[in-house]
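Quick note, the sequences are listed as chains X and F, same order.
Just remember that the working numbering sits 10 ahead of the position in the first sequence, which is counted from 1.
Just remember that the working numbering sits 3 ahead of the position in the second sequence, which is counted from 1.
Derived by calculation from the structure, the hints in this document are not laboratory data.
Incorrect hints may appear among the rest.
To be verified - With a cut-off of at most 27 Å between alpha-carbon atoms, the simulated DSSO-like pairs for lysine-lysine come out as follows:
1. K34(X) with K112(X)
2. K25(F) with K72(F)
3. K112(F) with K72(F)
4. K109(F) with K88(X)
5. K80(F) with K78(X)
6. K52(F) with K112(X)
7. K88(X) with K61(F)
8. K61(F) with K112(F)
9. K61(F) with K109(F)
10. K52(F) with K109(F)
11. K112(X) with K112(F)
12. K109(F) with K112(X)
13. K25(F) with K109(F)
14. K61(F) with K112(X)
15. K25(F) with K61(F)
16. K88(X) with K78(X)
17. K112(F) with K80(F)
18. K61(F) with K72(F)
19. K78(X) with K34(X)
20. K80(F) with K61(F)
21. K72(F) with K109(F)
22. K112(X) with K78(X)
23. K80(F) with K25(F)
24. K52(F) with K34(X)
25. K112(F) with K88(X)
26. K52(F) with K25(F)
Stated by the list, open to error - Cβ pair distances, simulated, as ranges:
27. D12(F) with P18(X): 43 to 51 Å
28. E18(F) with P71(X): 37 to 45 Å
29. I65(X) with S6(F): 17 to 25 Å
30. Q48(F) with N81(X): 23 to 31 Å
31. S83(F) with E72(X): 29 to 37 Å
32. N61(X) with G56(F): 41 to 49 Å
33. G26(X) with A17(F): 29 to 37 Å
34. G13(X) with P10(F): 26 to 34 Å
35. S114(F) with N81(X): 18 to 26 Å
Cβ coordinates follow ideal geometry from the N, Cα and C atoms, glycine included.
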Amino acid sequence: DAGVIQSPRHEVTEMGQEVTLRCKPISGHNSLFWYRQTMMRGLELLIYFNNNVPIDDSGMPEDRFSAKMPNASFSTLKIQPSEPRDSAVYFCASRPDSSSEKLFFGSGTQLSVL
Amino acid sequence: AQSVAQPEDQVNVAEGNPLTVKCTYSVSGNPYLFWYVQYPNRGLQFLLKYITGDNLVKGSYGFEAEFNKSQTSFHLKKPSALVSDSALYFCAVILNAGSYQLTFGKGTKLSVIP
């Protein structure tokens with residue numbers, strides 16, 4: 011099992027550019043999470059999908075952020091336009107189903123917006 | 004509302020000595036508590052969980068945690084620290100089994116000194 015796969019590992023972009031982060035959950039898992047990690051705020055839940063449907067997006071900071079899960083094996087988090095304060099590590103996590111407590115995290119995407 | 008506090012940003016311990024990483028929680032009900040570990044440039048990994056039953060929970064890599072309801076604490080412990088235990092440790096809480104609203108603490112950096 012390859013685990014949760016995120017790409018890219020590192021992204022450096024300029025303010026105003028569009029950024030797309032990608033996630034492939036563990037096969038068979040039907041719950042997916044996007045988290046953001048910063049020194050100041052720690053780990054924040056951005057959005058939660060269950061069976062490819064967004065259940066809770068209240069953590070998405072602004073309309074500049076959007077997330078999709080077109081199928082069970084792929085999700086994207088898009089920031090358009092990006093701003094320097096979006097610089098953070100973005101993690102994707104999955105779990106087998108909605109009754110499971112244990113999350114499996116990807117290695118994250120380090121985003122730097124200049 | 005639920006919250007988790009990790010009162011120490013950093014813990015230093017000599018190799019071979021026992022270690023404790025502290026966590027206190029606040030929930031309006033019976034909590035489900037977790038510890039995750041994050042190694043450099045990696046995602047979080049599940050260590051252990053407390054759902055119900057025995058207050059002493061054993062997890063991966065020789066770690067254990069003690070649930071104390073009266074003190075609302077869930078401290079992580081290990082009898083003999085290894086240099087390879089150096090990492091960032093996160094305590095987390097949910098209110099209901101299968102809830103997606105996992106609340107993480109800010110994290111405690113553990114440094115084990117050879």
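For each hint, the structure was consulted:
{"no.": "1", "hint": "K34(X) with K112(X)", "in the structure": "17 Å, holds"}
{"no.": "2", "hint": "K25(F) with K72(F)", "in the structure": "14 Å, holds"}
{"no.": "3", "hint": "K112(F) with K72(F)", "in the structure": "25 Å, holds"}
{"no.": "4", "hint": "K109(F) with K88(X)", "in the structure": "25 Å, holds"}
{"no.": "5", "hint": "K80(F) with K78(X)", "in the structure": "39 Å, violated"}
{"no.": "6", "hint": "K52(F) with K112(X)", "in the structure": "8 Å, holds"}
{"no.": "7", "hint": "K88(X) with K61(F)", "in the structure": "39 Å, violated"}
{"no.": "8", "hint": "K61(F) with K112(F)", "in the structure": "21 Å, holds"}
{"no.": "9", "hint": "K61(F) with K109(F)", "in the structure": "23 Å, holds"}
{"no.": "10", "hint": "K52(F) with K109(F)", "in the structure": "18 Å, holds"}
{"no.": "11", "hint": "K112(X) with K112(F)", "in the structure": "22 Å, holds"}
{"no.": "12", "hint": "K109(F) with K112(X)", "in the structure": "19 Å, holds"}
{"no.": "13", "hint": "K25(F) with K109(F)", "in the structure": "12 Å, holds"}
{"no.": "14", "hint": "K61(F) with K112(X)", "in the structure": "15 Å, holds"}
{"no.": "15", "hint": "K25(F) with K61(F)", "in the structure": "16 Å, holds"}
{"no.": "16", "hint": "K88(X) with K78(X)", "in the structure": "9 Å, holds"}
{"no.": "17", "hint": "K112(F) with K80(F)", "in the structure": "14 Å, holds"}
{"no.": "18", "hint": "K61(F) with K72(F)", "in the structure": "17 Å, holds"}
{"no.": "19", "hint": "K78(X) with K34(X)", "in the structure": "12 Å, holds"}
{"no.": "20", "hint": "K80(F) with K61(F)", "in the structure": "10 Å, holds"}
{"no.": "21", "hint": "K72(F) with K109(F)", "in the structure": "21 Å, holds"}
{"no.": "22", "hint": "K112(X) with K78(X)", "in the structure": "23 Å, holds"}
{"no.": "23", "hint": "K80(F) with K25(F)", "in the structure": "9 Å, holds"}
{"no.": "24", "hint": "K52(F) with K34(X)", "in the structure": "25 Å, holds"}
{"no.": "25", "hint": "K112(F) with K88(X)", "in the structure": "30 Å, violated"}
{"no.": "26", "hint": "K52(F) with K25(F)", "in the structure": "15 Å, holds"}
{"no.": "27", "hint": "D12(F) with P18(X): 43 to 51 Å", "in the structure": "30 Å, violated"}
{"no.": "28", "hint": "E18(F) with P71(X): 37 to 45 Å", "in the structure": "41 Å, holds"}
{"no.": "29", "hint": "I65(X) with S6(F): 17 to 25 Å", "in the structure": "22 Å, holds"}
{"no.": "30", "hint": "Q48(F) with N81(X): 23 to 31 Å", "in the structure": "26 Å, holds"}
{"no.": "31", "hint": "S83(F) with E72(X): 29 to 37 Å", "in the structure": "47 Å, violated"}
{"no.": "32", "hint": "N61(X) with G56(F): 41 to 49 Å", "in the structure": "31 Å, violated"}
{"no.": "33", "hint": "G26(X) with A17(F): 29 to 37 Å", "in the structure": "49 Å, violated"}
{"no.": "34", "hint": "G13(X) with P10(F): 26 to 34 Å", "in the structure": "32 Å, holds"}
{"no.": "35", "hint": "S114(F) with N81(X): 18 to 26 Å", "in the structure": "42 Å, violated"}
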